[in-house]
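First residue of the sequence shown: 29, per this note's numbering; consecutive thereafter.
Hints listed in this document are in silico derivations from the structure and should not be mistaken for laboratory results.
Hints are not guaranteed to be accurate.
[Claimed, not checked] Cut-off 20 Å, straight-line C-alpha distance, at most; resulting in silico cross-link-like pairs (SDA-like, lysine to any residue):
hint : residue 1 : residue 2
1    : Lys268    : Asp258
2    : Lys287    : Cys356
3    : Lys282    : Pro373
[Unchecked claim] Across the chosen pairs, the derived CB separations fall in these ranges:
hint : residue 1 : residue 2 : range
4    : Arg214    : Glu265    : 29 to 35 Å
5    : Ala184    : Asp213    : 30 to 36 Å
6    : Arg158    : Glu329    : 51 to 57 Å
7    : Glu208    : Lys274    : 50 to 56 Å
8    : Ala226    : His339    : 29 to 35 Å
9    : Lys275    : Thr237    : 42 to 48 Å
We put the beta carbon where it would ideally sit given N, CA and C, even for glycine.
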Amino acid sequence: MQQNGSSGSIGSDGGRERQALSFSPLPAATTRVRRFIQERQRTLPLPKVMVVFSAAGDADKPSDAMSSSDPTEEGDGVRKPPASPSPSLSPSPKHRAPSKPRRAALTTPEPQEFPEVISLNVGGTLFTTRLSTLRRYDDTMLAAMFSGRHYIPRDAEGRYFIDRDGAYFGDILNFLREGELPQRDRVRFVHREAQYYAIGPLLDRLEETQPLTGEKVRQAFLDLLPYYRDNLERIVEIAKLRAMQKKARFAKLKVCVYKEEMPITPYERPLFNSLRFERADGDAKLFEHHCDVDVSFGPWEAVADVYDLLHCIVSDLAQRGIAAEQQCIGVCDKHLINHYYCKRPIYEFKITWW
Numbered sequence: 029m030q031q032n033g034s035s036g037s038i039g040s041d042g043g044r045e046r047q048a049l050s051f052s053p054l055p056a057a058t059t060r061v062r063r064f065i066q067e068r069q070r071t072l073p074l075p076k077v078m079v080v081f082s083a084a085g086d087a088d089k090p091s092d093a094m095s096s097s098d099p100t101e102e103g104d105g106v107r108k109p110p111a112s113p114s115p116s117l118s119p120s121p122k123h124r125a126p127s128k129p130r131r132a133a134l135t136t137p138e139p140q141e142f143p144e145v146i147s148l149n150v151g152g153t154l155f156t157t158r159l160s161t162l163r164r165y166d167d168t169m170l171a172a173m174f175s176g177r178h179y180i181p182r183d184a185e186g187r188y189f190i191d192r193d194g195a196y197f198g199d200i201l202n203f204l205r206e207g208e209l210p211q212r213d214r215v216r217f218v219h220r221e222a223q224y225y226a227i228g229p230l231l232d233r234l235e236e237t238q239p240l241t242g243e244k245v246r247q248a249f250l251d252l253l254p255y256y257r258d259n260l261e262r263i264v265e266i267a268k269l270r271a272m273q274k275k276a277r278f279a280k281l282k283v284c285v286y287k288e289e290m291p292i293t294p295y296e297r298p299l300f301n302s303l304r305f306e307r308a309d310g311d312a313k314l315f316e317h318h319c320d321v322d323v324s325f326g327p328w329e330a331v332a333d334v335y336d337l338l339h340c341i342v343s344d345l346a347q348r349g350i351a352a353e354q355q356c357i358g359v360c361d362k363h364l365i366n367h368y369y370c371k372r373p374i375y376e377f378k379i380t381w382w
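Using the sequences and the hints, build the whole thing.
Shown next, in the form of structure tokens:
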């Protein structure tokens with residue numbers, strides 16, 4: 029019984045001892061654990077990542093998030109300044125936004141001022157005129173040039189320079205001064221200069237005078253011949269090729285110029301010079317014919333006749349610097365059908381090259 033009692037007491041004492049060891053840790057063990065944790069924190073510091081959110085006005089104020097979180101520093105009671113961020117996390121100077129944005133200065137160039145008397149150098153020819161004369165009409169090129177909004181170069185003497193032929197600029201100034209028109213032999217050239225300077229009133233006045241008015245009438249006649257320009261180029265090309273092949277000073281070629289499309293007989297020509305014959309549609313191919321010439325002009329319906337067209341050809345070649353002479357050398361004697369013959373006039377053109 030005693031053994032049982034003693035064993036039971038021992039069991040109870042042993043249970044109490046184990047209970048004390050399980051639920052009541054020793055103070056020395058707790059101290060060792062704390063010391064171990066502190067030593068680990070000193071040897072292996074945790075990485076710190078600081079993210080700062082601040083307004084524009086608070087950029088210079090220290091943030092709480094910048095303060096150190098090291099327990100040892102808090103324990104010492106001394107607050108150290110925040111560490112500077114890593115160079116890899118700091119923005120580069122060129123990407124850093126300025127604290128105060130600057131406003132770009134918008135400066136408008138002041139208009140250039142001109143004297144009342146203007147000295148001009150137009151392609152080497154000197155002129156002197158008033159500023160008001162150049163600004164006579166607002167919508168012209170001269171008024172825009174001397175409005176002060178554009179830069180105008182000057183020569184070595186300080187004169188305003190215009191890179192244009194000055195041979196007819198005097199006629200431009202005379203019109204701006206008094207409305208005077210140039211002489212007839214200068215109208216075409218002054219008209220070209222007026223187009224360049226965009227002087228509308230002068231263009232209107234010149235187009236109402238000769239020879240520009242006559243040119244409009246002539247062009248209305250040539251519009252009836254849509255092939256006129258192409259045939260003119262063909263005359264020049266053929267004449268140039270023949271002169272080069274023969275190494276000659278001039279070249280000759282045959283040109284057919286006819287106004288009437290319908291061929292007429294020698295018996296009817298004296299009495300019915302402009303007679304038109306009626307024919308069936310099936311006979312059209314019987315009258316199709318191309319004369320044995322280099323170039324053909326015709327037919328057309330207008331009051332202007334063959335000699336008018338010949339004058340146009342010679343004058344247009346002369347405008348290109350080509351000297352041309354023409355003369356009639358006969359008619360085309362091609363027999364078509366029955367008593368019908370071609371009878372279109374053939375002209376010989378002589379093109380002189382030098």
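Evaluated hints:
no.	hint	verdict
1	Lys268 with Asp258	holds (16 Å)
2	Lys287 with Cys356	holds (15 Å)
3	Lys282 with Pro373	holds (10 Å)
4	Arg214 with Glu265: 29 to 35 Å	holds (33 Å)
5	Ala184 with Asp213: 30 to 36 Å	holds (35 Å)
6	Arg158 with Glu329: 51 to 57 Å	holds (54 Å)
7	Glu208 with Lys274: 50 to 56 Å	holds (51 Å)
8	Ala226 with His339: 29 to 35 Å	holds (33 Å)
9	Lys275 with Thr237: 42 to 48 Å	holds (46 Å)
Comparing the model with each numbered hint stated earlier shows that all of them hold.
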